[in-house]
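Mind docking chain E on chain C? Use the hints.
Here's the letter readout for the chains.
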Amino acid sequence: KAGVTQTPRYLIKTRGQQVTLSCSPISGHRSVSWYQQTPGQGLQFLFEYFSETQRNKGNFPGRFSGRQFSNSRSEMNVSTLELGDSALYLCASSLEASGIKDTQYFGPGTRLTVL
Amino acid sequence: GDSVTQMEGPVTLSEEAFLTINCTYTATGYPSLFWYVQYPGEGLQLLLKATKADDKGSNKGFEATYRKETTSFHLEKGSVQVSDSAVYFCAFPDTGRRALTFGSGTRLQVQP
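Residue numbers (the working numbering), protein chains in the order written: chain C, 1 to 115; chain E, 1 to 112.
Because the hints were derived from the structure by calculation, they are not lab data. Computed from a predicted model, the values in this text were never measured in an experiment. For each residue, glycine too, the CB sits at the ideal point set by N, CA and C. It cannot be assumed that every hint is accurate.
Said to hold, decoys possible - Label pairs and their calculated CB-CB ranges:
#, chain 1, residue 1, chain 2, residue 2, range
1, C, Gln54, E, Gly41, 38 to 44 Å
2, E, Ser14, C, Thr20, 41 to 47 Å
3, E, Gln111, C, Pro39, 21 to 27 Å
4, C, Asn71, E, Gly41, 25 to 31 Å
5, E, Phe18, C, Thr14, 44 to 50 Å
6, C, Gly3, E, Thr95, 22 to 28 Å
7, E, Asn22, C, Thr14, 41 to 47 Å
8, E, Gly61, C, Leu83, 25 to 31 Å
9, C, Ile12, E, Pro112, 41 to 47 Å
For reference, chain C alone in the conformation it holds in the complex (with noise of 0.2 Å):
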């Protein structure tokens, strides 16, 4: 069974510019975390979505931003963006299917460098 994809693997882009990641999960996973890795504040959680929901959110700003598609494929967005959102950001997938978490299982990321 193929792994988390994410796409593209590495983006430069310039301060004030928009960015959108993409992640597909794997196959028959519904529940889609995405995680900001940064060297100073490590893996923080960014949002979850579930059937096309955000079901939670972490502490970002607005310019944060995602969706699920009825695939379960995910694209998260940041707006105007900073130096400071430079960064891994990774996409987890997990079954969920008796509704209780499940092991998450992680794509190889994008990184994000913001000139």
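Only chain E this time, still in chain C's reference frame:
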């Protein structure tokens, strides 16, 4: 609040040495516990997990036992290899946020 505390790195070992990376957690109840590994330039890979007290997770020679009494989930390996060089993260699910709470990560460097 919920949190995970991992030993500071980097941990530098010679090949075939014994490895221990300490992890303790503060959580409501007794959640599942995970170890993830991140190789250079890659995302997180699930290394092992344990779902209840006294469970032992194991994979690729790594082991960790869920100790409810000490709220710990220490990672061990009897003989490390250069290829084990990576960053290791201890984590558990925060059911309220539907997210994983991670430790700060421990970098392991194995020298030949």
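**Prompt:** Going back to the hint list, which numbers does this structure go against?
**Reply:** Hint check: 1, 8 and 9 fail, others pass.
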